[in-house]
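Trainee: Read off the chains here:
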Amino acid sequence: MRSRTRAAWLFLLPALVFYAVFLIFPVVSSLYLSFHEWNMLTPPLQASSVGMQNYTHILRQDPVFLKALWNTLVFVAVSVPLSIALAVLMATLMSRRRFAGLWRLIFLLPTITPAIALGMVWRYLYRPNYGLINTLLNAAGIASQPWLNDPATALMSIIITAVWAGIGSNLIVVDAGMRDIPEEYYEAAAIDGAHGWQRFRHITLPLLKPTLLFVFVTGTIAAWQVFDFIVAMTAPTLGRAGGPVNSTMTLVVYMYQTAFEYLNMGRASAMAYVLFFIVIAVSLVQLRVFWRGGVENY
Amino acid sequence: MAGEVRPVNRYGKPMAVGSVVLAVVAATMVLPFIWLALSALKTRAELVAVPPVWAPAVPQWRNFKAAVSEVPLGRYYLNSFIVAGAISISVMITSAMAGFALSKYAFRGRDIVFQGILATMMLPSFLFTIPVYYMMRHVPFAGGNNWLGYGGMGLLRSRLSMILPFAVSAWGIFLSRQFIMGIPDSILDAARIDGASESRILWSIIVPAARPALITVGIYTFISQWNNLFWPLVVATSAPELATLTVGLKMLETSFDPNRNAHLILAGLTLGIMPVMAVFASLQKYYVRGITMSGVKE
Numbered sequence: 001m002r003s004r005t006r007a008a009w010l011f012l013l014p015a016l017v018f019y020a021v022f023l024i025f026p027v028v029s030s031l032y033l034s035f036h037e038w039n040m041l042t043p044p045l046q047a048s049s050v051g052m053q054n055y056t057h058i059l060r061q062d063p064v065f066l067k068a069l070w071n072t073l074v075f076v077a078v079s080v081p082l083s084i085a086l087a088v089l090m091a092t093l094m095s096r097r098r099f100a101g102l103w104r105l106i107f108l109l110p111t112i113t114p115a116i117a118l119g120m121v122w123r124y125l126y127r128p129n130y131g132l133i134n135t136l137l138n139a140a141g142i143a144s145q146p147w148l149n150d151p152a153t154a155l156m157s158i159i160i161t162a163v164w165a166g167i168g169s170n171l172i173v174v175d176a177g178m179r180d181i182p183e184e185y186y187e188a189a190a191i192d193g194a195h196g197w198q199r200f201r202h203i204t205l206p207l208l209k210p211t212l213l214f215v216f217v218t219g220t221i222a223a224w225q226v227f228d229f230i231v232a233m234t235a236p237t238l239g240r241a242g243g244p245v246n247s248t249m250t251l252v253v254y255m256y257q258t259a260f261e262y263l264n265m266g267r268a269s270a271m272a273y274v275l276f277f278i279v280i281a282v283s284l285v286q287l288r289v290f291w292r293g294g295v296e297n298y
Numbered sequence: 001m002a003g004e005v006r007p008v009n010r011y012g013k014p015m016a017v018g019s020v021v022l023a024v025v026a027a028t029m030v031l032p033f034i035w036l037a038l039s040a041l042k043t044r045a046e047l048v049a050v051p052p053v054w055a056p057a058v059p060q061w062r063n064f065k066a067a068v069s070e071v072p073l074g075r076y077y078l079n080s081f082i083v084a085g086a087i088s089i090s091v092m093i094t095s096a097m098a099g100f101a102l103s104k105y106a107f108r109g110r111d112i113v114f115q116g117i118l119a120t121m122m123l124p125s126f127l128f129t130i131p132v133y134y135m136m137r138h139v140p141f142a143g144g145n146n147w148l149g150y151g152g153m154g155l156l157r158s159r160l161s162m163i164l165p166f167a168v169s170a171w172g173i174f175l176s177r178q179f180i181m182g183i184p185d186s187i188l189d190a191a192r193i194d195g196a197s198e199s200r201i202l203w204s205i206i207v208p209a210a211r212p213a214l215i216t217v218g219i220y221t222f223i224s225q226w227n228n229l230f231w232p233l234v235v236a237t238s239a240p241e242l243a244t245l246t247v248g249l250k251m252l253e254t255s256f257d258p259n260r261n262a263h264l265i266l267a268g269l270t271l272g273i274m275p276v277m278a279v280f281a282s283l284q285k286y287y288v289r290g291i292t293m294s295g296v297k298e
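Protein chains in written order, with my numbering: chain A, 1 to 298; chain B, 1 to 298.
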């Protein structure tokens, strides 16, 4: 028995070493850095301590950080529910349909393509003068929109692209969840005379709850860290990403610039910790709201 | 169709209505890619023509040659392949080992370790970025004359700096644990009675039996690493020759003027995503399984 325990720990060893080196140590170091001023050029242990200054600075005196926080919040709050709602609609329409695999494949095309490439293509689609989107709008009698060129519409434009790209992966999960619901329930409901919305509301939604929780929580964690689309769609170089006039600046883009363009590692670490607390808090709230009666081990 | 009942979906609605909506949304999924492929073959004038032209009058195949002459996409392909491949293999092996340990052995601390590994999925990756970057830069005896820890580039000049931080995956461990739990204990006990060592059980029984899960883990990891941008971008700043394909695609915009040479950027993007898209699409089954197996079902 004891030799088996030893074997188990031996099998775990590579993973444990990995987590110690690439996870626990960096997380602790980042906490240390967030209370220091450090430019990565001097030894980290000689960095000068600044107490809470990095935190107070970004939360009180840094309008760009607050702007990035707000933009990211808008991105999360709009793109995640919208993408999931569209995925639920598409999966609903795919029920009992032949060639389901082919439909899935079509929706998966953006998901299996690098976001950086998708964003670069959409940047051309959004061009105000020759872009495909304005061309189609004009054909439908709608005036051209400035899209990425106007601070008022730039973030929305990126959200549209992210929603478009995100439907596929959500659809796969939601579709699998819906397939697990037995057809008999719907047949019984039809015999009982329940109409479409009632069937959706009282059969699909309750049984889909674990699936929806899963896509909401994982989708939200990913959306807080949006980076690729911003980099792809706002500027040719990283240092200038997030425009026009910071209207599309998000937390991770700003952290990247703070760390690797301005070499302000302490401040960037403080930002990372602020993001960390937000992600944890939001995830817990989501679990609570979805699971009023205790959290299921999903 | 004559004599058959009019086909309805689970909600009693005729399938035809859904077909229209599905077809419209599916069209938006495909349209950007079609536009990209056609535009890659256009002349500079055709790309900015008013009214826009759909297809090039004469396909400009030399756009591809011109794009590759400035941006070595072939090398980036190779870099991506090596990095994503090495990460996938490492993740498959470590997931099999840790998944086995966490499912088929009873020992103190097992549940804590497992829950800890799951919890890591909630951490924003920027929490690790700065310390891991610094660590990679200061690995002793690597990257040239760096044995005191300062001056050299450590592993930043090596692909290891791109591979190591992703060598273990919490999601991969979770998935293989769930799968290995379903392998009957009686097989393992029979092997033990025959005198098989624990590591022999792992490699000769568990790994073959868990092959579907491990292949899914490998392919899903490969695709997501292939599409990964953030970390390769951080590393490639000090080692441009190690740039992966996603980084290389972004470099198209600094190598060519996005306004004057859009046709070359689009040709580069086409070369960068279309061939891979075909390969990944053929692996749809595994990718879908990877998404759906990740925790939705018990």
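Any given hint could turn out to be false.
Unchecked claim - The calculated label-pair distances, taken between Cβ atoms and stated as ranges, are:
1. B:W54 - A:V21: 18 to 26 Å
2. A:I142 - B:V279: 51 to 59 Å
3. A:T56 - B:S204: 37 to 45 Å
4. B:E70 - A:A139: 47 to 55 Å
5. B:A45 - A:A281: 47 to 55 Å
6. A:G101 - B:T28: 55 to 63 Å
7. A:G239 - B:A119: 54 to 62 Å
8. A:A190 - B:Q284: 46 to 54 Å
What the hints assert, rightly or not - Listed below are the simulated DSBU-like cross-link pairs for lysine-lysine, each with C-alpha atoms no more than 35 Å apart in a straight line:
9. A:K209 - B:K13
10. B:K65 - A:K209
11. A:K209 - A:K67
Because the hints were derived from the structure by calculation, they are not lab data. For every residue, glycine included, the Cβ atom is placed at its ideal position computed from N, Cα and C.
Trainee: Hints first: check each against the structure and report whether it holds.
Mentor: Outcome of the hint check:
At roughly 53 Å, the beta-carbon separation of W54 (chain B) and V21 (chain A) lies outside the given 18 to 26 Å, and the hint is violated. Checking the proposed 51 to 59 Å range against I142 (chain A) and V279 (chain B) shows it is violated: the Cβ atoms sit about 38 Å from each other. Between T56 (chain A) and S204 (chain B) the Cβ separation comes to about 59 Å, which falls outside the hinted range of 37 to 45 Å. The supplied range of 47 to 55 Å is broken by E70 (chain B) and A139 (chain A), whose beta-carbon atoms lie about 35 Å from each other.
With their beta carbons about 53 Å apart, A45 (chain B) and A281 (chain A) fall inside the hinted range of 47 to 55 Å. Between G101 (chain A) and T28 (chain B) the Cβ separation comes to about 20 Å, which falls outside the hinted range of 55 to 63 Å. Between G239 (chain A) and A119 (chain B), the C-beta spacing of about 34 Å breaks the proposed range 54 to 62 Å. Separation of A190 (chain A) from Q284 (chain B) is about 32 Å and departs from the stated range, judged on CB atoms against 46 to 54 Å.
A hinted pair counts as satisfied when its Cα atoms are at most 35 Å apart, and K209 (chain A) with K13 (chain B) qualifies at roughly 23 Å. This hinted pair does not check out: K65 (chain B) and K209 (chain A) have alpha carbons roughly 51 Å apart, beyond 35 Å. For a cut-off of 35 Å, the pair hint linking K209 (chain A) to K67 (chain A) stands: about 34 Å separates their Cα positions.
Checked against the numbered hints given earlier, this structure breaks hints 1, 2, 3, 4, 6, 7, 8, 10; the rest are met.
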